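**Q** My request is simple: use the sequences and hints to build the entire structure.
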Amino acid sequence: MNKRLLSLTVNGRRREEAVADATLLLDFLRETLGLTGTKRGCDGGECGACTVLVDGAPRLSCLTLAARCEGTKVETIESLAEGGRMSALQAAFHEKLGAQCGFCTPGMVMAAEALLRTDPSPGEDAIRAALAGNLCRCTGYVKIIEAVDSAARGAR
Amino acid sequence: MERMAAFELRRPESLAHAIELMATVPGARVLAGGTDLVPNLRHGLEAPATLVDLSGVPGFAGLDLTPAGARIGAGVTLATLAADRLVQAALPAVAQAAASIAGPGHRSVATVGGNLCLDTRCVWYNQSEWWRRSNGYCLKRGGDVCHVAPQGGRCHAAFCGDLAPALIACGAQAELAGPEGSRTIAVEDLYRDDGRAHLALGSGEIVVAVVVPPQPARARSAYRKARVRAAIDFPLAGVAVRVTGDRERIERLDVALTGTNSRPFRLAETEAFAGRAVDDALVAELGKAVQRQAGPMRTSVTSSNWRRQVAATYAQRLVRELAATP
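Top to bottom, those sequences are chains A and B.
Every number in the numbering used here is 1211 more than the matching position in the first sequence, counting from 1.
Every number in the numbering used here is 16 more than the matching position in the second sequence, counting from 1.
Note that these hints are calculated values from the structure, not bench results.
Bear in mind that the values here come from a model prediction, so they are computed numbers and not experimental data.
Ideal Cβ placement from N, Cα and C applies to all residues, glycine included.
Among these hints, one or two may not hold up.
[Stated by the list, open to error] Counterexamples of contact, computed for chain A against chain B with all Cβ distances above 10 Å:
1) L1216
2) G1223
3) E1227
4) G1248
5) V1265
6) E1306
7) V1353
8) S1361
9) R1364
[To be verified] Only part of the chain A face toward chain B is listed, based on derived beta-carbon distances under 7 Å:
10) A1233
11) G1256
12) P1269
13) R1270
14) S1298
**A** This is the structure we're talking about:
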């Protein structure tokens, strides 16, 4: 099995680890780094539960080879809270009941985070488009869209 | 999903090195964004010993739009293509097709070349190893019968890329490079009508870029597709249309389809529509032509007849809408 030394930044911290070429970013984050906030859902690129940010763009970590993330900046759900305080977006999910069972929530929040960084005042269509790749089987999406909208309004 | 079989990842830093690797490393396979290939590897649909990652090839992700036309590097991501205002203005069908593919997490890394070289899809093929083994595999991989049409000797898996029809309707060409040198072919000639071997690429040949000529002054284009879920899902039928002219008289009509056959294809015999008004008679004839030439088989959970009809209906609606656009 071919391995290589991978160096990248995960949640602001420099990391250097030996990874096999066939290791997925999802497995690297969860198994090697112990960052289990990123969820393994469909495990085939269809549900969005494993969404993380790579250099600020939303990426499905179950489709991403860790070895291709050399030199990148990866951000997971664990990066959002500061000093034990939720980010405004996380707080909005909490207050607007955007999470029920919670399994899709890390992926939803990271997809929404990517949207709000590029478009701080999205309309409902933009929010729906940004979350189109994320499945939720509990909420019916209405409360999730409200949460993202509320976070965007709160930031203004 | 299953764990991925081990492979060696090579990351060439020049096109020449990538081509050399493809020519000299046995079983080497090109890796672009990986959004199609990685799930296929995990399903055991392919087991290459070496993946040649093209993301580090300089200029591969270049996007140039000038009055002389567009040159879209094979490594341009679908997100970049969809968001480019010049592409949106000059080649709306291409921008719309790119924006409609998969979800934001795919488009941020999936590429133009990867979408053009997407593997064909079928309910009997895009399944796990044990699922396929339980059914004695299929003609596309591991078996000797196509379960879609057991009497025929060919694989009917459908090509489901969205960019190809939009590029075909806009008259695009594909730049290829391989061990034998470089060549440029029409995008429609990149494909063969065989679900098992649908790409007309030579051994070790790579799609380097797509070149789109300047569009005619009075041309307008659009892309539309049918699918079960409005994101992620592949097209059950996708139609790109370019109308040159207006409602009273169209000079030229270009229609291309995806999702219905083993290759994306340009609708034949559209010369018959040139010089005519976009009226009920023309729209009815167009619908019949699409129904005749589209050949959806039972490769998806949706009925073939519905896919044939929706392809025709979308072509008709797009022609009416584009002809009515000032």
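**Q** If a hint holds in the structure, say so; if it doesn't, say that too.
**A** Hints and how they fare:
1. Look at L1216 (chain A): its CB is around 13 Å from the nearest CB on chain B, clear of 10 Å, so calling it non-interface holds up.
2. Taking the minimum C-beta to C-beta distance to chain B, about 21 Å, the non-interface status of G1223 (chain A) holds against the 10 Å cut.
3. Every CB of chain B lies more than 10 Å from the CB of E1227 (chain A), the least distance being 18 Å, so the non-interface label holds.
4. In this structure G1248 (chain A) is separated from chain B by more than 10 Å, as the shortest Cβ-Cβ distance comes to about 16 Å.
5. Look at V1265 (chain A): its CB is around 8 Å from the nearest CB on chain B, not clear of 10 Å, so calling it non-interface is violated.
6. Against the 10 Å criterion, E1306 (chain A) stays outside the reach of chain B, whose nearest CB is about 25 Å from its own CB.
7. Once the 10 Å rule is applied to beta carbons, V1353 (chain A) is consistent with being away from chain B; the minimum gap is 16 Å.
8. Residue-level check passed: S1361 (chain A) sits 21 Å from the nearest beta carbon of chain B, beyond 10 Å.
9. Every Cβ of chain B is farther than 10 Å from the Cβ of R1364 (chain A); the closest lies at roughly 22 Å, confirming the non-interface assignment.
10. With a least beta-carbon distance of about 5 Å to chain B, the hint placing A1233 (chain A) at the interface is held under the 7 Å criterion.
11. Evaluation of the G1256 (chain A) hint against chain B yields a held restraint, the C-beta minimum of about 6 Å falling below 7 Å.
12. Taking 7 Å as the C-beta cut-off, the interface hint given for P1269 (chain A) holds, the closest approach to chain B being about 5 Å.
13. Satisfaction of the interface hint for R1270 (chain A) is found here, the shortest Cβ-Cβ separation to chain B being roughly 6 Å, below the 7 Å cut-off.
14. The criterion of a C-beta within 7 Å of any C-beta in chain B is not met by S1298 (chain A), whose closest approach is roughly 20 Å, and the hint is violated.
Hint compliance for this structure: hints 5 and 14 are not met, and every other hint is.
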